[in-house]
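Take the sequences, apply the hints, and build the full model.
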Amino acid sequence: MNRTENNKLIAQFMGLPTEVFKSGKVKYYYREFNSGMYDPETNWYEEHELSYNVSWDWLMPVVEKIEEVFIDDSNLIIKEHRYEFDMKYTQCEIYDHVRDCVVASGDMGSKILSTYQSVVEFIKEYNN
Numbered sequence: 066m067n068r069t070e071n072n073k074l075i076a077q078f079m080g081l082p083t084e085v086f087k088s089g090k091v092k093y094y095y096r097e098f099n100s101g102m103y104d105p106e107t108n109w110y111e112e113h114e115l116s117y118n119v120s121w122d123w124l125m126p127v128v129e130k131i132e133e134v135f136i137d138d139s140n141l142i143i144k145e146h147r148y149e150f151d152m153k154y155t156q157c158e159i160y161d162h163v164r165d166c167v168v169a170s171g172d173m174g175s176k177i178l179s180t181y182q183s184v185v186e187f188i189k190e191y192n193n
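Going by this note's numbering, the first residue of the sequence shown is number 66, and it counts up by one from there.
Rather than coming from a laboratory, the hints here were simulated on the basis of the structure. There could be a bad hint or two in this list.
[Unchecked claim] DSS-like, lysine-lysine: derived pairs with alpha carbons at most 30 Å apart:
hint, residue 1, residue 2
1, K73, K130
2, K144, K189
3, K144, K92
4, K189, K130
5, K176, K92
6, K92, K189
7, K130, K90
8, K87, K73
9, K130, K92
10, K176, K189
[To be verified] Label pairs and their in silico Cβ distance ranges:
hint, residue 1, residue 2, range
11, E190, K87, 30 to 40 Å
12, D172, N108, 27 to 37 Å
13, E70, N140, 36 to 46 Å
14, P82, N140, 28 to 38 Å
15, E145, E190, 18 to 28 Å
16, C166, I143, 20 to 30 Å
17, C166, G89, 40 to 50 Å
18, K176, K130, 16 to 26 Å
19, D138, K90, 39 to 49 Å
20, S170, K90, 26 to 36 Å
21, D137, G89, 33 to 43 Å
Positions of the beta carbon are idealized from the N, C-alpha and C atoms, including for glycine.
Below you can see the structure in the form of structure tokens.
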């Protein structure tokens with residue numbers, strides 16, 4: 066998958082609304098910086114404009130959504146988070162507490178690219 070396809074995968078995981086515009090192009094609605102403001106001119110992005118791979122403002126909500134997945138076990142008295150991110154220098158790993166292993170990792174020379182790679186790898190596995 067290329068960058069555009071990976072960003073589409075993340076957008077779908079995040080549940081971003083889509084709309085087909087008069088031009089026939091599919092666009093994704095992204096509320097920037099959680100502003101809550103609807104701006105039909107600036108909040109719609111074409112597939113190639115999705116910025117998960119270059120912006121922490123786009124990528125961190127994805128990290129938070131992954132970390133908010135709880136362990137599905139009715140025997141637990143207190144719900145526990147299933148996944149944990151470990152970001153060090155230019156590396157990133159996503160750890161699964163249920164399987165007791167790293168389920169996705171990235172080492173791309175920069176923290177954001179490594180986190181992005183880990184997120185994409187995680188979503189592909191999560192969707193299977």
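The hints, checked one at a time:
1. Of the pairs offered as hints, the one joining K73 and K130 holds, with about 16 Å between alpha carbons and a cut-off of 30 Å not exceeded.
2. Distance restraint check for K144 and K189: the Cα-Cα separation of roughly 25 Å lies within the 30 Å cut-off, and the hinted pair is therefore satisfied.
3. For a cut-off of 30 Å, the pair hint linking K144 to K92 is broken: about 36 Å separates their Cα positions.
4. For the proposed pair K189 and K130, the alpha carbon gap of about 15 Å is at most 30 Å, so the pair holds.
5. Of the pairs offered as hints, the one joining K176 and K92 holds, with about 28 Å between alpha carbons and a cut-off of 30 Å not exceeded.
6. Under the criterion of a C-alpha separation no larger than 30 Å, the hint pairing K92 with K189 is consistent with the structure, at around 22 Å.
7. Among the hinted pairs, K130 with K90 is consistent with the structure: their alpha-carbon atoms are about 27 Å apart, no more than 30 Å.
8. About 20 Å separates the Cα atoms of K87 and K73, which keeps this hinted pair within 30 Å; it holds.
9. At roughly 22 Å between alpha-carbon atoms, K130 and K92 fall within 30 Å of each other, so this suggested pair holds.
10. Taking the CA atoms of K176 and K189, the gap is near 20 Å; set against the 30 Å cutoff, the hint holds.
11. At roughly 37 Å, the beta-carbon separation of E190 and K87 lies within the given 30 to 40 Å, and the hint holds.
12. D172 and N108 have their C-beta atoms about 33 Å apart, which keeps the hinted 27 to 37 Å range intact.
13. Checking the proposed 36 to 46 Å range against E70 and N140 shows it holds: the Cβ atoms sit about 39 Å from each other.
14. Taking the beta carbon of each, P82 and N140 are about 37 Å apart, inside 28 to 38 Å as hinted.
15. Range check, E145 to E190: Cβ separation about 20 Å, and the 18 to 28 Å hint holds.
16. Restraint check, C166 to I143: a C-beta distance of roughly 23 Å satisfies the suggested window 20 to 30 Å.
17. Taking the beta carbon of each, C166 and G89 are about 44 Å apart, inside 40 to 50 Å as hinted.
18. Distance hint check: the CB atoms of K176 and K130 are about 19 Å apart, consistent with the given range 16 to 26 Å.
19. At about 44 Å, the beta-carbon gap between D138 and K90 stays in the expected band of 39 to 49 Å.
20. Take S170 and K90: their Cβ atoms lie about 34 Å apart, and the range 26 to 36 Å holds.
21. For the pair D137 and G89, the supplied restraint of 33 to 43 Å holds, since their beta-carbon distance comes to about 41 Å.
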